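Student: Below are the chains, spelled out letter by letter.
Number of protein chains: 2
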Amino acid sequence: MSKFKSEIIKCLYKNDEYISGQYIAEKLNCSRVTIKKVIDQLKHEGFNIESQTNKGYKITQLPPLWQQEIVNIELSKQKILNKAYVQPQVDSTQLLARSIINEEHDDFVVLSDEQTKGRGRFNREWSSIKGKGLWMSIVLKPHIPIHKMSTFNLFISLAIQEVVEKHYQINSKIKWPNDIYVGEQKLCGFLTEMIADTDGVNAIICGIGFNLNQTREEFDKVGQHRATSLLIEHGSTIDPYQFLKYLIEAIEKRYNQFLVSPFSEIKDTYKSKSMIWNRTLNYTEGNKKVKGRAIDIQDNGFLTVISEDGEIYQFMSADIDI
Amino acid sequence: MSKFKSEIIKCLYKNDEYISGQYIAEKLNCSRVTIKKVIDQLKHEGFNIESQTNKGYKITQLPPLWQQEIVNIELSKQKILNKAYVQPQVDSTQLLARSIINEEHDDFVVLSDEQTKGRGRFNREWSSIKGKGLWMSIVLKPHIPIHKMSTFNLFISLAIQEVVEKHYQINSKIKWPNDIYVGEQKLCGFLTEMIADTDGVNAIICGIGFNLNQTREEFDKVGQHRATSLLIEHGSTIDPYQFLKYLIEAIEKRYNQFLVSPFSEIKDTYKSKSMIWNRTLNYTEGNKKVKGRAIDIQDNGFLTVISEDGEIYQFMSADIDI
Chain G
1 MSKFKSEIIK CLYKNDEYIS GQYIAEKLNC SRVTIKKVID QLKHEGFNIE
51 SQTNKGYKIT QLPPLWQQEI VNIELSKQKI LNKAYVQPQV DSTQLLARSI
101 INEEHDDFVV LSDEQTKGRG RFNREWSSIK GKGLWMSIVL KPHIPIHKMS
151 TFNLFISLAI QEVVEKHYQI NSKIKWPNDI YVGEQKLCGF LTEMIADTDG
201 VNAIICGIGF NLNQTREEFD KVGQHRATSL LIEHGSTIDP YQFLKYLIEA
251 IEKRYNQFLV SPFSEIKDTY KSKSMIWNRT LNYTEGNKKV KGRAIDIQDN
301 GFLTVISEDG EIYQFMSADI DI
Chain C
1 MSKFKSEIIK CLYKNDEYIS GQYIAEKLNC SRVTIKKVID QLKHEGFNIE
51 SQTNKGYKIT QLPPLWQQEI VNIELSKQKI LNKAYVQPQV DSTQLLARSI
101 INEEHDDFVV LSDEQTKGRG RFNREWSSIK GKGLWMSIVL KPHIPIHKMS
151 TFNLFISLAI QEVVEKHYQI NSKIKWPNDI YVGEQKLCGF LTEMIADTDG
201 VNAIICGIGF NLNQTREEFD KVGQHRATSL LIEHGSTIDP YQFLKYLIEA
251 IEKRYNQFLV SPFSEIKDTY KSKSMIWNRT LNYTEGNKKV KGRAIDIQDN
301 GFLTVISEDG EIYQFMSADI DI
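Those protein sequences? They're chains G and C, same order as listed.
The first sequence: position 204 = 204 (the UniProt record's numbering), numbered continuously.
The second sequence: position 39 = 39 (the UniProt record's numbering), numbered continuously.
Hints are computed from structural coordinates only; laboratory data are not their basis.
Note that the structure is predicted; figures quoted are calculated from it, not measured.
Fair warning: there could be bad hints in the mix.
One copy or two, either will do: identical chains are not told apart, so a pair holds if it fits within one copy or between any two.
[As the list claims (entries may be wrong)] List time: in silico EDC-like cross-link candidates among lysine to aspartate or glutamate, alpha-carbon distance up to 20 Å:
1. K130 - D239
2. K130 - D309
3. K175 - D299
4. K141 - D197
5. K289 - E162
6. K148 - D197
7. K117 - D299
8. K141 - E69
9. K245 - E184
10. K117 - D197
11. K117 - E104
12. K288 - D197
13. K141 - E285
14. K58 - E233
15. K117 - D106
16. K221 - D106
17. K3 - E26
18. K175 - D197
19. K58 - D197
20. K117 - E103
21. K79 - E17
22. K186 - E308
Isolated chain G (complex conformation) (with noise of 0.2 Å):
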């Protein structure tokens, strides 16, 4: 059964036009009555299908919890981060990405429809709640030196900047070092983990908190009066899956530049797309603590720092409040 439904999934969601129950059913070797069955547990599961005499089956909506299958069909079309973990549910993609990472030697991505324990940078709590966001590790296994990934952030944030822009059209800022805003609401955080040795990185394990179809009184539920989602900054629903073909394409785009160029060839695009420029802030990095306006991004990744009495500070990955 559950190889047929793959393949029905498949069948059904390349086609755009009603496809005939006879003509998968011939096309598999197997009976309509198969096909009906599949097709009844497809809708149980979330599928809008629209059956018409004479014409057949059409996908009219997707699920809004994510289907391996489905990802499956988007993902085979990228070069690098084809392949992917999708649970209904886990504690967070982060803990679960890093335990596959002994068993899977490819680089992959982890989904899920929601997070027990999402966490952000310092442990904060990070609300996911079920089927509303992107909730996705991402792993990938660099040969790179440790030092090189004092720049990774700087690229990938530009990658998911540029897929709210480019995609949604909306006038989102990233704000240094990890997190993706539209005005002064948070649409996005990520989070960048490294296993290590001497000789080098053995992974990158990426988590992403993308805010899509949340509404505003969701947020104000769970008291989330700084978050934005892709929903109500576009004004209308947002499909996961394409939302996700967009985001790993611009990931690898900008992790395979990351790979081969300096961060100086990409910094005067970064510094064009950031929203701390000409503010006076509160930055903390450890025990460091600075009231003051950045005024550059060196090319190793770090920001500079004018405090308000004047003195120079570079800060490698501070808490900026805003």
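Put chain C on the given structure of chain G with help from the hints.
Tutor: Coordinates of chain C only, in the frame set by chain G:
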């Protein structure tokens, strides 16, 4: 039954003299028949336990394979690394340690009698004959910035070298960056990985392979002609529990020093225990290949090498042919 087993091992292990079955039975509030049964089970598991009429029981030799209960007793005396995960067989202690990190908040030790996929640097095979060596990974969770990690291996290698010298009176040397040798033969290799993000190190996973009780014949059989063991050098069988205790004590001491002190404080000691001076050797790090002589170690742990044609090179973690 298992609770009695653990308690009976404790009773016997903590007493150097004979201890009566009656005494143990009263202490544990169980029958002498139960005591007898558990002791038979322990004998079956490799304990040598002598019994004498009117005197009782006494452990005369510990089993060659790790027993969780005795490891617990030994580690309970330690300050940081006082929790152990003991397995008869693993793919590698390093991989098991990585997967436990997600669930375990404390620092801990992973021990196994045997590794089926033990690995050294550059993914080289590491032979881990059953019950013959210390196949261990330690996991530490300090709050330190990533750059501080560059000297971690220097502190740890000194800890390992000291145990061999102090407790077994063997003249061993450190081969920078992470091996311990006796003469031209390897006694121990270790490998440090970290899980880190830009805010700092989340976990250190240090895998240590230490040859304890292999014979020359056993090494020859697996083609390890350049390896030696503590048994070969010391001349008599090594008690693995005793060795474990010495090693963890030494590592805890040097780790605490690593957290608060710069490498410069131990640099002279380290250099005096290092075997690479006054020799022309081949150094390889990535694409960089240099034939030359090591002349110094920097405060950041880097090795300074002068090539045959007088050029100066800095290595972070070279592979050295000896």
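Student: Now tell me if each hint is right for this structure.
Tutor: Evaluated hints:
1. For the homomeric pair K130 and D239, the shortest alpha-carbon distance inside one copy (15 Å) is at most 20 Å, but the shortest distance between copies (54 Å) is not.
2. For the homomeric pair K130 and D309, neither the shortest alpha-carbon distance inside one copy (47 Å) nor that between copies (64 Å) is at most 20 Å.
3. Proximity of K175 and D299 under a CA criterion of 20 Å is satisfied intra-copy only: 17 Å inside one chain copy versus 35 Å between copies.
4. In the homo-oligomer, the alpha carbons of K141 and D197 lie at most 20 Å apart both inside one protomer (13 Å) and across protomers (15 Å), since each shortest distance falls under that limit.
5. When the C-alpha separation of K289 and E162 is checked against a cutoff of 20 Å, the pair qualifies neither within a copy, at 31 Å, nor between copies, at 41 Å.
6. Taking the shortest alpha-carbon separations for K148 and D197, both the intra-copy value of 13 Å and the inter-copy value of 13 Å come in at or below 20 Å.
7. In this assembly of identical chains, the alpha carbons of K117 and D299 never lie at most 20 Å apart, being 35 Å within a copy and 40 Å across copies at closest.
8. With identical chains, the CA atoms of K141 and E69 are never at most 20 Å apart, being 25 Å at best within one copy and 39 Å at best between copies.
9. For the identical chains of this complex, K245 and E184 are neighbours neither inside a copy (27 Å) nor across copies (55 Å), given an alpha-carbon limit of 20 Å.
10. Taking the shortest Cα distances, K117 and D197 sit within 20 Å of each other only across copies (18 Å), while inside one copy they are farther apart (28 Å).
11. In this assembly of identical chains, K117 and E104 lie within 20 Å of each other by CA distance solely across copies; the values are 15 Å between and 23 Å within a copy.
12. When the C-alpha separation of K288 and D197 is checked against a cutoff of 20 Å, the pair qualifies only between copies, where the shortest distance is 18 Å, while the shortest distance within a copy is 28 Å.
13. In this homomeric assembly, K141 and E285 come within 20 Å of each other (Cα to Cα) only across copies, at 19 Å, whereas the closest approach inside a single copy is 28 Å.
14. Taking the shortest alpha-carbon separations for K58 and E233, neither the intra-copy value of 30 Å nor the inter-copy value of 76 Å comes in at or below 20 Å.
15. Within a single copy, K117 and D106 get their C-alpha atoms only as close as 26 Å, which misses the 20 Å cut-off; across copies the closest is 19 Å, which meets it.
16. Within a single copy, K221 and D106 get their C-alpha atoms no closer than 40 Å, and across copies no closer than 35 Å, so neither meets the 20 Å cut-off.
17. With identical chains, the CA atoms of K3 and E26 are at most 20 Å apart within one copy only, with a shortest distance of 15 Å there and 63 Å across copies.
18. In this homomeric assembly, K175 and D197 come within 20 Å of each other (Cα to Cα) only across copies, at 17 Å, whereas the closest approach inside a single copy is 30 Å.
19. Proximity of K58 and D197 under a CA criterion of 20 Å is satisfied in neither setting, with 51 Å inside one chain copy and 45 Å between copies.
20. Taking the closest pair of Cα atoms, K117 and E103 come within 20 Å of each other only across two copies (12 Å); inside a single copy the shortest separation is 23 Å, beyond that limit.
21. Taking the shortest alpha-carbon separations for K79 and E17, neither the intra-copy value of 28 Å nor the inter-copy value of 68 Å comes in at or below 20 Å.
22. For the homomeric pair K186 and E308, neither the shortest alpha-carbon distance inside one copy (26 Å) nor that between copies (57 Å) is at most 20 Å.
Checked against the numbered hints above, the structure violates hints 2, 5, 7, 8, 9, 14, 16, 19, 21, 22; every other hint is satisfied.
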